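*Asks:* Okay, here's what each chain looks like letter by letter:
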Amino acid sequence: MTRKVTRAGSISRRRLLTTASGGAVLAASPFRINLLQAQEAPIKIGFPVPLTGPYGAEAQDQVRAGQLAVAQFNDAGGLNGRKAELVVRDDKLNPGEAATRTLELVEKEKVNFVVGSLSAAVQLAINNVTKERGIIFNSISQSDAINEAADFSKYTFHEALNPHMTAGAVGRYAFANFGKKVAFLTADYAYGHEMVRGFLEVGKQFNIENLGDIRHPLGTTDYSTLLPRLQALKPDILCISNFGRDQQIVLKQATDFGVKKSIQIIAPLLSHASRVAAGAQAFEGVVGGCSFYWGIEDKFASTKAFNDAFRKMYDGKLPTDYGALGYGGVRTVLEAVKNAGTVETDKVVAALEALKYDYYKGPQYYRKCDHQSVQSVLVIKSKSKDMKNDSDVFEVLSTEEPSEKNLRTCEALGHRS
Amino acid sequence: MAGLSLDLIALQLFAGLALGAIYVLFAIGLSLIFGMLTVVNFAHGAFYMVGAYVGLYLISLGGNFWLCLVAVPLVIGLFGLAVERLLIRPLYGRGIDYPLLLTFGLSYVMVECVRIAFGKTGYPFDTPEILQGAVNIGVGYFPLYRLFVIGATAAVLLALWLFLERTSFGLIIRAGARDPQIVRVLGVDISRVWLIVFGIGTAIAGFAGLLAAPLQGVIPEMGGTILAEAFVVTVVGGMGSIGGAVLAGLLVGVVISMTSLFAPEMAKVSIFALMAIVLIVRPQGFFGRAGLLS
Chain R
1 MTRKVTRAGS ISRRRLLTTA SGGAVLAASP FRINLLQAQE APIKIGFPVP
51 LTGPYGAEAQ DQVRAGQLAV AQFNDAGGLN GRKAELVVRD DKLNPGEAAT
101 RTLELVEKEK VNFVVGSLSA AVQLAINNVT KERGIIFNSI SQSDAINEAA
151 DFSKYTFHEA LNPHMTAGAV GRYAFANFGK KVAFLTADYA YGHEMVRGFL
201 EVGKQFNIEN LGDIRHPLGT TDYSTLLPRL QALKPDILCI SNFGRDQQIV
251 LKQATDFGVK KSIQIIAPLL SHASRVAAGA QAFEGVVGGC SFYWGIEDKF
301 ASTKAFNDAF RKMYDGKLPT DYGALGYGGV RTVLEAVKNA GTVETDKVVA
351 ALEALKYDYY KGPQYYRKCD HQSVQSVLVI KSKSKDMKND SDVFEVLSTE
401 EPSEKNLRTC EALGHRS
Chain L
1 MAGLSLDLIA LQLFAGLALG AIYVLFAIGL SLIFGMLTVV NFAHGAFYMV
51 GAYVGLYLIS LGGNFWLCLV AVPLVIGLFG LAVERLLIRP LYGRGIDYPL
101 LLTFGLSYVM VECVRIAFGK TGYPFDTPEI LQGAVNIGVG YFPLYRLFVI
151 GATAAVLLAL WLFLERTSFG LIIRAGARDP QIVRVLGVDI SRVWLIVFGI
201 GTAIAGFAGL LAAPLQGVIP EMGGTILAEA FVVTVVGGMG SIGGAVLAGL
251 LVGVVISMTS LFAPEMAKVS IFALMAIVLI VRPQGFFGRA GLLS
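Protein chains in written order, with my numbering: chain R, 1 to 417; chain L, 1 to 294.
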């Protein structure tokens, strides 16, 4: 984290003194020249993410990578010398908090763009604010609803994958390889529901047999009473759709219960940060999807370049999946600004729509009707052996190439074709 | 859903008892402290969490899990002694709200300190090697480690019972719980008794935290959820009753497990429904003494 949130109206005497003396030093120093050069205000990108709470690990990585994109833009000279700045806020994984912070970013900080969020529900709250104010919002978290006509506006972009694409890719791989009898264990909120819908949709093509769907509340810490029931159903595949700490605990306990002996566990999304937090044992052998894995650097020059830049900025650390989304979300907006030659919203929207880009994971573009980023989905498996470094946690089993075929059609989403 | 068999119901019942064992272990410390000191210890969850972190730290220094089983209760118990002596003791005789507010605040301080020292994100905590895997218990496979937790809980209960019922110090503790005034008149230093009871209560909390770590990993907020559930257990069992905490803990485990079988969405609510029913029928809980809070 690079920026502390100071509460409005709580400027203490000490802070005032620090600021004043800082200003005095600055005025007398050679930095003054820089200040005079950059007379125009910086391009501000608001970045609300859940720094505190169960998704904190992922959110911190989003910020790190977002900062990298800004630094690269500034090092390359910005927009004719005009620099960019990331204004980070903690949305605490709460839609109300996120709406307030976003409003504050727009009204007080006068941000030009908003990028961020890490929750199916929270991004809709942010989107509500930005679409009303006519500010571009690039969401870097999974959601199906954000593509739909009811929530969409021309200012809404979606750099992340959506559940339909993710569950589709994982389902196509798993149902073809592991069997047709499937049981579900699902976090009881939008994310879980959208994922299961995605799996059942793609399951139709494979004639899967749905043995049942057990729902658990968000933030469950003990699954011992649900696992025997699921084992008794004797599925080939147990599909667990939850995220963050829930995913860490359930995989740990499923391992203890010996579920993996006879059943293949799959998850729509395997989070790199969660895998590191839960350890190799718990995730071993689990198959799931992701938008990015650093290991594809032998395949794409852009991945290699992104990894190297990230390593250089953060002492050899490698970026995670959600980190990469933070990078992609900010970089696409800044590249569009460069292409448009201005920060004017309508021109940047047009530049984003025209973008064909490859910044970190191979080719991508925003589909015209819903501004969903058409991109590859990786199907990965968690490993526990032969790891070369701390970040060497997954093996890429297959890659679903970017294709509009894997998205819901524009008509199905309620957009006029 | 298909697949409902007698074996499954038996296994589910067993899972409930195993889950209940963790509640019991957590709630007896809470109940012990309340029964003897009439202190509602809101920091109990924080002691539990710190217990898990101390275990994590000792293992990272090269210790093993078995050593932690002894070392963690000692460390947390000593910490508990210090908290009682320095923070809680000045508040005796000022009504029940004072220590309640103090421990409530203390829990926030402890969680925040752990966040600063160990970071906001959790750590994995591997199950000790010889307790890994599942064993056949006749009706199905059950994780060996959870069986170990049941055993450890039983051992702690037995030790506590022997201590309270069979030692002269235990006699003083029981007398002190009933009438501190008389005990004091008899020449017993009652504040020393309270100090030790608080130490034992927190030591058990730390022990419970260590046992829970291999089940769900370690995170600064881990004490919060179980504290809410443990209060249900102590209220159902009767505030201050150790026997009540044992019975209610197991019952809560079984209720959660049986609702999970038939209506998993209701599992979380079911224990609060249980609490409401018990409170309507028997406001003081199973074995509670009326009037402790007044």
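Derived from the structure by calculation, the hints contain no laboratory data. Remember, it's a predicted structure, so these values are computed and weren't measured experimentally. Don't be surprised by glycine CBs; every beta carbon is placed ideally from N, CA and C. Accuracy of the hints is not assured; some may be wrong.
Unchecked claim - If we take Cβ atoms under 8 Å as the criterion, some of the chain L residues that face chain R in the derived model are:
{"no.": "1", "residue": "LEU8"}
{"no.": "2", "residue": "ALA18"}
{"no.": "3", "residue": "GLY122"}
{"no.": "4", "residue": "GLY138"}
{"no.": "5", "residue": "TYR141"}
{"no.": "6", "residue": "TYR145"}
{"no.": "7", "residue": "LEU147"}
{"no.": "8", "residue": "ARG174"}
{"no.": "9", "residue": "GLN216"}
{"no.": "10", "residue": "GLY217"}
{"no.": "11", "residue": "PRO264"}
*Asks:* May I ask which of the numbered hints given earlier this structure violates, with the numbers listed in increasing order?
*Replies:* Structure breaks hints 4, 7, 8.
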